[in-house]
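*Asks:* Below are the chains, spelled out letter by letter.
Protein chains: 2
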Amino acid sequence: MLTESVKATASYKRVPLTTVIPGKTYFAFENKRGKISRAVNADLYRPKLADWRRVTAALSSGNFKGLSEDRITRAIYSAAISFCVTIDLTRTGDQKTPGTYFEYLIGHLFASRLDVNPSTRLPVLNLDMDTTLPTDYVFDLGTGKPKFHLPIKTSTRERVIQVWAHQRVLDGVYGTGRFLGTPVILAETKTDQKTRKVVEICLPLQWRLYQMHISQLKRVYYLDVPAAYAALTGVFPPIHVAPFGRFFIEATELSTA
Amino acid sequence: MLTESVKATASYKRVPLTTVIPGKTYFAFENKRGKISRAVNADLYRPKLADWRRVTAALSSGNFKGLSEDRITRAIYSAAISFCVTIDLTRTGDQKTPGTYFEYLIGHLFASRLDVNPSTRLPVLNLDMDTTLPTDYVFDLGTGKPKFHLPIKTSTRERVIQVWAHQRVLDGVYGTGRFLGTPVILAETKTDQKTRKVVEICLPLQWRLYQMHISQLKRVYYLDVPAAYAALTGVFPPIHVAPFGRFFIEATELSTA
Numbered sequence: 350m351l352t353e354s355v356k357a358t359a360s361y362k363r364v365p366l367t368t369v370i371p372g373k374t375y376f377a378f379e380n381k382r383g384k385i386s387r388a389v390n391a392d393l394y395r396p397k398l399a400d401w402r403r404v405t406a407a408l409s410s411g412n413f414k415g416l417s418e419d420r421i422t423r424a425i426y427s428a429a430i431s432f433c434v435t436i437d438l439t440r441t442g443d444q445k446t447p448g449t450y451f452e453y454l455i456g457h458l459f460a461s462r463l464d465v466n467p468s469t470r471l472p473v474l475n476l477d478m479d480t481t482l483p484t485d486y487v488f489d490l491g492t493g494k495p496k497f498h499l500p501i502k503t504s505t506r507e508r509v510i511q512v513w514a515h516q517r518v519l520d521g522v523y524g525t526g527r528f529l530g531t532p533v534i535l536a537e538t539k540t541d542q543k544t545r546k547v548v549e550i551c552l553p554l555q556w557r558l559y560q561m562h563i564s565q566l567k568r569v570y571y572l573d574v575p576a577a578y579a580a581l582t583g584v585f586p587p588i589h590v591a592p593f594g595r596f597f598i599e600a601t602e603l604s605t606a
Numbered sequence: 350m351l352t353e354s355v356k357a358t359a360s361y362k363r364v365p366l367t368t369v370i371p372g373k374t375y376f377a378f379e380n381k382r383g384k385i386s387r388a389v390n391a392d393l394y395r396p397k398l399a400d401w402r403r404v405t406a407a408l409s410s411g412n413f414k415g416l417s418e419d420r421i422t423r424a425i426y427s428a429a430i431s432f433c434v435t436i437d438l439t440r441t442g443d444q445k446t447p448g449t450y451f452e453y454l455i456g457h458l459f460a461s462r463l464d465v466n467p468s469t470r471l472p473v474l475n476l477d478m479d480t481t482l483p484t485d486y487v488f489d490l491g492t493g494k495p496k497f498h499l500p501i502k503t504s505t506r507e508r509v510i511q512v513w514a515h516q517r518v519l520d521g522v523y524g525t526g527r528f529l530g531t532p533v534i535l536a537e538t539k540t541d542q543k544t545r546k547v548v549e550i551c552l553p554l555q556w557r558l559y560q561m562h563i564s565q566l567k568r569v570y571y572l573d574v575p576a577a578y579a580a581l582t583g584v585f586p587p588i589h590v591a592p593f594g595r596f597f598i599e600a601t602e603l604s605t606a
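Just so you know, the protein sequences line up as chains A and B, in that order. According to the numbering used here, the first sequence holds residues 350 to 606 in order. According to the numbering used here, the second sequence holds residues 350 to 606 in order.
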């Protein structure tokens, strides 16, 4: 899949995009009809098959020594964004296919790291309500071990409140702290098709209110971490926003961190 | 606005739709190119200008005696759905205009009944966070009187969790019970364009979990009350789902109910 998408993107022209986001450079791919793709982070886009193979080898062996979080993030970002770009430039108005692909990709990588398959439905036994609750991906590592709640989105915007709300339902039904909420998000970029300017749509104040009043997420992983959210790790109460590559390094310590 | 939309719908053909929803009958309007509108509830659609004028007269005088909740609901439903139908049949893929119109219509009626204008931004003074919180329509009746939190949607589907989550943020920031959560929703119908069958997309189990674990809504008002949600009033813990017309009758008693 990675190789197919990267091959496809290689046939497109790269066009520069402007942005005022500090420390970031974006470009887009353009097809022959002049249509441009979503923004691609120039620093993160390194579609090298060797890097991808090092990540999958580490997943097989469970040994991530010698792989930095940045290198893992870049390999996964390149795989994800090249597929999204290909869909952007070959179909009209198809938001669903990139979202579904991204969900499968991240779910698969997460499952490989934890060595357990996800579920999307949990039993609810709550006095007179004996039924099942549909969920985002959840991973149950077994008795006495952590369970993960993994919403996966290509971007969140104002819909992000759902992530905290679902976490709260899990806290309520199964007990606070049973599920570690660790959403994985691709990016929050938005490109103006005319001016070709990239902005990041961020709501850091609302995030703090959600984290204080709805539920507490353990981590928010991004492939392309938005500048305004990275700053939230440094304020109190903290929301730990990190590049997704870090998950693979810290996965085993996360439940006691 | 009502008269313009009703005039427009009068030029369209009515075509029957099938449904298995007990006690409900739906039809659609069809334009000359064979495109059909969203589903219209045949019992609720009574676009009589006299009924609409009785509602606006009652709003002016504050006297709702002699007006039943069903009659008020029908008048508002007819105004709302005829506009939505006109947009369905004159534009392609425009979901936004009906949603914006419905928000203005309901917000205006709610404001007229309470005799206070809405706000969509609240001050937050929370130790080191001195800023404002963007909200759905909120109505503040003054010191010692109720405040209303009024999300307005043409339908909710799986996005409904946002309503409970926003209510929880208001509970957290201003104190539980300060804001009465009273969302107003048009309908939950979905029409299959090919089979012309109408279903209602309802998630009653999730609603009960949200009401138990996220926050407590005071009322959920519908113009076209879905059968599966009407039943929630009768189970414990109750979620009071009612036709929107009832709000105009019970508005003054709602804060002490």
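Don't take every hint at face value.
Any copy, or any two copies together, can satisfy a pair, since identical chains are not distinguished.
Simulated pairs of lysine-lysine, DSBU-like, Cα-Cα distance not exceeding 35 Å [claimed, not checked]:
1) K384 <-> K496
2) K373 <-> K567
3) K356 <-> K397
What the hints contain is simulated information worked out from the structure, not anything from laboratory work. Because the structure is a prediction, the values reported are computed rather than measured.
*Asks:* All hints are to be evaluated individually against the structure, with a verdict given for each.
*Replies:* Going down the list of hints, with the structure as the test:
{"no.": "1", "hint": "K384 <-> K496", "in the structure": "neither (43 Å within a copy, 48 Å between copies)"}
{"no.": "2", "hint": "K373 <-> K567", "in the structure": "within (26 Å within a copy, 46 Å between copies)"}
{"no.": "3", "hint": "K356 <-> K397", "in the structure": "within (11 Å within a copy, 62 Å between copies)"}
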